[in-house]
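Student: Given next are the chains, with one letter for each unit.
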Amino acid sequence: MTEAEAISLFKCLADKSRLQILKSLAVEDMYVERLAERLGLTAPTISFHLKKLSEAGAVTAYKNQYYMMYSLNKEMFRTSILEILQQESDEAQKQAQRDADYRQRVIDTFFEYGKLKSIPVQRKKERIVLEVIAEAFDFDRIYSEREVNIVIADFHDDFCTIRRDLISERLLGRNGMEYWRMKND
Amino acid sequence: MNEQQRKFESYLDERIAACKRRGQLLAEDDRMDEGNFEKVRANVYEIFKTILSVAERVCGEEDGAKRDFFLQKAEQIPTSWTASYEKAKQSGDVEKMHIERIKLDTIQEIKDMCMRIWEGTT
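So the sequences go chain by chain: E and Y. Using this note's numbering, the letters of the first sequence map in sequence onto residues 1 to 185. Using this note's numbering, the letters of the second sequence map in sequence onto residues 1 to 122.
These are calculated hints, taken from the structure and not from any lab test. One thing to keep in mind: the hints can contain errors.
Straight-line distance between alpha carbons at most 25 Å, and here's what the computed BS3-like set of lysine-lysine pairs gives [stated by the list, open to error]:
| id | chain 1 | residue 1 | chain 2 | residue 2 |
| --- | --- | --- | --- | --- |
| 1 | E | Lys63 | E | Lys51 |
| 2 | E | Lys51 | Y | Lys96 |
| 3 | E | Lys11 | Y | Lys20 |
| 4 | E | Lys51 | E | Lys94 |
| 5 | Y | Lys49 | Y | Lys96 |
| 6 | E | Lys51 | Y | Lys7 |
| 7 | Y | Lys39 | Y | Lys87 |
| 8 | Y | Lys111 | Y | Lys39 |
| 9 | Y | Lys111 | Y | Lys7 |
| 10 | E | Lys11 | Y | Lys89 |
| 11 | E | Lys94 | E | Lys63 |
| 12 | E | Lys74 | E | Lys51 |
| 13 | E | Lys94 | E | Lys11 |
| 14 | E | Lys124 | E | Lys183 |
| 15 | E | Lys125 | E | Lys94 |
| 16 | Y | Lys73 | Y | Lys96 |
| 17 | E | Lys11 | Y | Lys96 |
| 18 | Y | Lys87 | E | Lys51 |
| 19 | Y | Lys20 | Y | Lys7 |
| 20 | Y | Lys89 | E | Lys63 |
| 21 | Y | Lys39 | E | Lys11 |
| 22 | E | Lys16 | Y | Lys39 |
| 23 | E | Lys94 | E | Lys74 |
| 24 | E | Lys51 | Y | Lys39 |
| 25 | E | Lys125 | E | Lys115 |
| 26 | Y | Lys96 | Y | Lys39 |
| 27 | Y | Lys111 | Y | Lys96 |
| 28 | E | Lys16 | Y | Lys20 |
| 29 | E | Lys16 | Y | Lys96 |
| 30 | Y | Lys73 | Y | Lys111 |
Modelling step: build the complete structure from the supplied sequences, incorporating the hints.
Tutor: Written as C-alpha cells, this is what we have:
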C-alpha cells in the first residue's frame with residue numbers, strides 16, 4: 001500500500017456511517033438497498049459512501065443477477081497498521097536531502113579550514129561534529145590513547161572532552177588503553 | 001407581510017434550524033460527510049429565504065406577483081444544478097451527483113410547500 005493509498009483509506013474510515021457499512025459487509029456481501037434498510041440511511045447516501053470506500057480500495061463490487069453486490073476487500077484489511085508505517089515514505093528522499101543539508105550547515109558553521117571552532121552545545125549538532133572527527137580514524141585499527149589525542153588535536157585543543165564524547169557516542173570503542181573506530185549500523 | 005408569506009418564511013426558518021441541528025449532531029457522531037449534506041440542504045433554504053425577501057422588495061404588497069416571482073426564481077436557479085448533476089453523472093462523480101440531487105430535492109420540496117401555502121392547503 002503506497003502512502004497516498006494509506007492516507008485515502010484512513011480518511012475514508014474516519015466516518016461512522018462508512019465504518020458501519022464495512023461492519024455489515026464483514027458479515028456478508030450486500031446490495032445498496034439492503035445496506036440502506038439495515039443502517040437507516042437513504043440509498044443515495046449509501047451509494048455515496050460505497051463509492052468512497054471503493055475508491056479507497058476497501059470494498060469491491062460484482063454483479064449478481066439484478067443486483068450490484070458489494071463485498072469487503074478482506075485482503076486490504078489484513079495489512080497491519082505497523083506494516084503501513086514501516087513502508088518507505090514517498091517523502092523519504094526529500095527528508096534525506098533535508099537531513100544532508102542540515103548536516104552540511106552544521107559542519108560549515110563549526111569547522112573552519114578543517115579545524116573545529118568550538119564544541120557545539122546542542123547534542124544533535126555535537127553528534128554531527130563528532131562523526132566528522134571519527135572519520136579521521138581508520139576502521140580495523142587499534143589506536144593508543146596518545147595516537148587518539150594526536151588525531152583529535154588536529155581538530156581541537158580540548159582532545160580530552162572530544163575523546164570522551166566519541167566514546168560515549170559509541171563512535172570510538174575503548175578497552176583499557178586501546179581505542180578503535182566503531183562500525184555503526 | 002401577509003399571512004402566507006409569514007407562514008412560508010417561518011417554514012424556511014424551521015427547516016434551516018432543523019438542518020443545522022441535524023448537521024451538528026451528525027458531525028458529533030463522526031458522520032462528517034452526511035453533516036455536510038445537511039449544510040448543503042440548509043444553504044438551499046437560505047438562498048430561497050433571501051429570494052422571498054427580494055420578492056417582497058420587488059413586488060411590494062401584490063401577493064400573487066410575489067408568489068409568481070418566487071416560483072419563477074425557483075425554476076430558474078436550479079437549471080444550473082440540473083446541468084451540474086448531468087455533468088457529474090457523465091463523469092461518474094457520485095459525490096457531486098449526490099450533492100446536486102440534495103439541492104434539487106430540496107428546491108422541489110420548497111416549491112411544493114410554496115404552492116400549498118399560497119393555495120391554503122396547509
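Student: Work down the list of hints and note, for each, if the structure agrees.
Tutor: Here's how the hints hold up against the structure:
With a C-alpha separation of about 15 Å, the suggested pair Lys63 of chain E and Lys51 of chain E falls inside the 25 Å cut-off, and the hint holds. Under the criterion of a C-alpha separation no larger than 25 Å, the hint pairing Lys51 of chain E with Lys96 of chain Y is consistent with the structure, at around 12 Å. A distance of roughly 24 Å separates the Cα atoms of Lys11 of chain E and Lys20 of chain Y; the hinted pair therefore holds under the 25 Å criterion. Under the criterion of a C-alpha separation no larger than 25 Å, the hint pairing Lys51 of chain E with Lys94 of chain E is inconsistent with the structure, at around 33 Å.
About 24 Å separates the Cα atoms of Lys49 of chain Y and Lys96 of chain Y, which keeps this hinted pair within 25 Å; it holds. Between Lys51 of chain E and Lys7 of chain Y the CA atoms are separated by roughly 40 Å; this puts the pair beyond 25 Å, and the hint is violated. With a CA separation close to 22 Å, the supplied pair Lys39 of chain Y and Lys87 of chain Y stays within the 25 Å bound. Distance check on the hinted pair: Lys111 of chain Y and Lys39 of chain Y sit about 19 Å apart at the alpha-carbon level, within 25 Å; holds.
Only pairs whose Cα atoms come within 25 Å are accepted, and Lys111 of chain Y paired with Lys7 of chain Y is accepted, the gap being roughly 14 Å. Restraint check for Lys11 of chain E and Lys89 of chain Y: the C-alpha separation of about 24 Å stays at or below 25 Å, so the hint holds. A C-alpha spacing of about 44 Å is found between Lys94 of chain E and Lys63 of chain E, which places the hinted pair above 25 Å, so the restraint is violated. For the given pair, Lys74 of chain E sits about 17 Å from Lys51 of chain E by alpha-carbon distance, which is consistent with the 25 Å threshold.
Of the supplied pair hints, the one linking Lys94 of chain E and Lys11 of chain E holds, its CA atoms being roughly 24 Å apart against a limit of 25 Å. Note on Lys124 of chain E and Lys183 of chain E: the hinted pairing holds, with a Cα-Cα distance of about 19 Å set against a maximum of 25 Å. Our distance criterion of 25 Å between C-alpha atoms is met by Lys125 of chain E and Lys94 of chain E, whose separation comes to about 20 Å. A hinted pair counts as satisfied when its Cα atoms are at most 25 Å apart, and Lys73 of chain Y with Lys96 of chain Y qualifies at roughly 23 Å.
Taking the CA atoms of Lys11 of chain E and Lys96 of chain Y, the gap is near 18 Å; set against the 25 Å cutoff, the hint holds. The hinted pair formed by Lys87 of chain Y and Lys51 of chain E meets the criterion: a straight-line CA distance of about 17 Å does not exceed 25 Å. With a C-alpha separation of about 20 Å, the suggested pair Lys20 of chain Y and Lys7 of chain Y falls inside the 25 Å cut-off, and the hint holds. Among the hinted pairs, Lys89 of chain Y with Lys63 of chain E is consistent with the structure: their alpha-carbon atoms are about 20 Å apart, no more than 25 Å.
Distance hint between Lys39 of chain Y and Lys11 of chain E is fulfilled; the C-alpha atoms sit about 20 Å from each other, no more than 25 Å. The straight-line distance between the Cα atoms of Lys16 of chain E and Lys39 of chain Y is roughly 18 Å, inside the 25 Å bound, and the hint therefore holds. Distance check on the hinted pair: Lys94 of chain E and Lys74 of chain E sit about 33 Å apart at the alpha-carbon level, beyond 25 Å; violated. Taking the CA atoms of Lys51 of chain E and Lys39 of chain Y, the gap is about 21 Å. The hint holds against a cut of 25 Å.
Annotation: proposed proximity of Lys125 of chain E to Lys115 of chain E holds, straight-line Cα distance about 16 Å (limit 25 Å). Between Lys96 of chain Y and Lys39 of chain Y, the direct Cα distance comes to roughly 14 Å. Compliance with the 25 Å bound is thereby established for this hinted pair. For the suggested pair Lys111 of chain Y and Lys96 of chain Y, the alpha carbons sit about 23 Å apart, so the restraint of at most 25 Å is met. At roughly 19 Å between alpha-carbon atoms, Lys16 of chain E and Lys20 of chain Y fall within 25 Å of each other, so this suggested pair holds.
Distance restraint check for Lys16 of chain E and Lys96 of chain Y: the Cα-Cα separation of roughly 21 Å lies within the 25 Å cut-off, and the hinted pair is therefore satisfied. For the hint pairing Lys73 of chain Y with Lys111 of chain Y, the CA-to-CA distance comes to about 10 Å; that is within 25 Å, so the pair holds.
When the structure is compared with the earlier hints, violations turn up for hints 4, 6, 11, 23 and for no others.
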